[in-house]
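Novice: Read off the chains here:
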Amino acid sequence: MCLAIPARITSIDVAADTAKVALGPVCKEISLALIEDAAVGDYVLVHVGYALNKISEEEAQRTLEIIAEMGLLEEELELEPGPTSSVEGTGGQR
Amino acid sequence: MSDPGGSLDIQLTPSSGGLVCTIASTRPVAAASAFVGRTPQETTARLPLLFSICARAQAGACAAAFEQAFGGVASPIIRGRREAAIAAETIREHLWRILLDWPAILDEPPSREDMAAVLALSNRILARLDPAGDLFGLDASSAAGQAPGLDVLLADLTDLLTCKVFGIAPEHWLQLIGDPASFERWCRKAETVAARLLRSLLESGEASLGQTPIAALPTVSDEDLLARMMAPDWAEFVARPTWQGQPRETSPFTRVYPLPLIEVYGAGLLVRLAAQLTEVATGLRLLSRGTAGSAAAQPTVASGTGIGLGRVFAARGLLAHLVRVEDGRVRDYRVLAPTEWNFHPRGVVARALEGLPPSPEAQLRRQAELLITAIDPCVAFTLTC
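Protein chains in written order, with our numbering: chain A, 1 to 94; chain B, 95 to 479.
Do not rely on the hints blindly, as some may be mistaken.
[As the list claims (entries may be wrong)] Once the Cα atoms are required to be at most 20 Å apart in a straight line, the calculated SDA-like pairs of lysine to any residue come out as:
hint, chain 1, residue 1, chain 2, residue 2
1, A, 54, B, 221
2, A, 28, B, 474
3, A, 54, B, 140
4, A, 20, B, 253
5, B, 258, A, 33
6, A, 54, B, 214
7, A, 54, A, 66
8, A, 54, B, 215
9, A, 54, B, 213
10, A, 54, B, 211
11, A, 54, B, 149
12, A, 54, B, 218
13, A, 54, B, 258
14, A, 54, B, 139
15, A, 54, B, 142
16, A, 54, B, 225
It is worth saying that the hints were derived from the structure and are not from the lab.
If we strip away everything but chain A, and leave its shape as in the complex, we get (with noise of 0.2 Å):
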């Protein structure tokens, strides 16, 4: 619970304050105005939507690891994308 996710920054839109994120094989668009001086390479904690801070390589793969023995991330991958039907409220944009 209360999970933050750690993530690759693979690309920067810097008019927009967005990045493009990698986790796997997973791609999704993420903003960046809460951090600063984020870099493509960088690894971020990504939570609902922003990325919170950026982290070591190091400690991104540790948590990636943790994550993937607790089976969260196969699931996740599994289950993605999965969109849904109903209309998401403000904090499902979080």
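We have chain A already, so just place chain B on it with the hints.
Specialist: Here is chain B on its own, set in the frame of chain A:
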């Protein structure tokens, strides 16, 4: 990539008897079982990496659980530092809601620049409180006394809260919240997003929305909670907890209860949002008092039996960790988090949503989102109504 932290699917359906709310959760409530087989040191090092949103609260509950299991107690200075770090984290979590989610309710853009400043500042405060990164370890040795440079950072945080959240000094705000008339004047005059949101509730007549008969989680002894989390049906308990057969609430609202505002506005939306603001201001007060051990940071009772329960009050309510250690290895690790109490299928959110008055769909959705945001699930949610 949805969130492996899980999400909540909240559905609100009209029926002949009124609205019916169902809440389904995919939160991995038994994930901490993955620490089984690890050493205590491995567990305390890994747990904050995994639960990184409320990392200090999680680490605080973890450290307290191991200390109780081993019969050790951290020094008053370490306990004070831990409490301060958890307060800094709690402030940051509430500001996430206040600066990013509250503006959306008012159709205003999120205050991302302000939240970025909050994140940077809270990271620096946490680094000063825990310079060696071992504050929540079992052999915590963080330097004693006042953290150097902390005063300047706290002054910056006070300025930020004054300008962006309260519009007045946070200490002054804490005084006026005790007087409903002064509080209402603040709502009507202050020009921050927090004041504008509360003002909008007063003007729309929605201040009392969402009152429920759900009682607060009472003070539960370590022995009773420990027995419940060790029972054979513990997995059901941590997923959908009840106490004495009833769903309960544990939240900023129950923590600051009773606010005098309840007499005027009822225990509804406005008071719940005010409780979150109160937690920000009292968290700053705790941080500003210094970190050399505060009266509130009581030691846990050391059992030394290999079984320990650690409890902290996290941003969203009571967080409890249970650990059982045998032969130097974790045999059981269980977490009971506030979201499971508050978003119980028959809990405070479900009952508050079912109590919403009949209204057009757009208005119903807006009010439902307001209530969910005010009780704050800490994970993403979808709302269908």
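Novice: Hint by hint, say whether it matches the structure.
Specialist: Here is how each hint holds up against the structure:
1. This hinted pair checks out: residue 54 of chain A and residue 221 of chain B have alpha carbons roughly 15 Å apart, not beyond 20 Å.
2. Taken as a hint, the residue 28 of chain A and residue 474 of chain B pair is honoured in the structure, with Cα atoms around 16 Å apart against an allowance of 20 Å.
3. For the hint linking residue 54 of chain A to residue 140 of chain B, the alpha-carbon distance of about 18 Å falls within 20 Å, and the restraint holds.
4. With a C-alpha separation of about 34 Å, the suggested pair residue 20 of chain A and residue 253 of chain B falls outside the 20 Å cut-off, and the hint is violated.
5. Restraint check for residue 258 of chain B and residue 33 of chain A: satisfied, since their Cα atoms lie roughly 17 Å apart, inside the 20 Å limit.
6. Between residue 54 of chain A and residue 214 of chain B the alpha-carbon distance is near 11 Å, which keeps this suggested pair within the 20 Å criterion.
7. Taken as a hint, the residue 54 of chain A and residue 66 of chain A pair is honoured in the structure, with Cα atoms around 18 Å apart against an allowance of 20 Å.
8. Only pairs whose Cα atoms come within 20 Å are accepted, and residue 54 of chain A paired with residue 215 of chain B is accepted, the gap being roughly 15 Å.
9. Under the criterion of a C-alpha separation no larger than 20 Å, the hint pairing residue 54 of chain A with residue 213 of chain B is consistent with the structure, at around 12 Å.
10. Proximity of residue 54 of chain A to residue 211 of chain B is assessed by CA-CA distance (about 15 Å); at most 20 Å being required, the pair is judged to hold.
11. A C-alpha spacing of about 15 Å is found between residue 54 of chain A and residue 149 of chain B, which places the hinted pair at or below 20 Å, so the restraint holds.
12. Of the pairs offered as hints, the one joining residue 54 of chain A and residue 218 of chain B holds, with about 14 Å between alpha carbons and a cut-off of 20 Å not exceeded.
13. Between residue 54 of chain A and residue 258 of chain B the alpha-carbon distance is near 25 Å, which puts this suggested pair outside the 20 Å criterion.
14. Distance hint between residue 54 of chain A and residue 139 of chain B is fulfilled; the C-alpha atoms sit about 19 Å from each other, no more than 20 Å.
15. In summary, the hint linking residue 54 of chain A to residue 142 of chain B is supported, as the alpha carbons are separated by about 16 Å, within the 20 Å threshold.
16. Between residue 54 of chain A and residue 225 of chain B the CA atoms are separated by roughly 18 Å; this keeps the pair inside 20 Å, and the hint holds.
In terms of the numbered hints stated before, the structure departs from hints 4 and 13, listed from lowest to highest.
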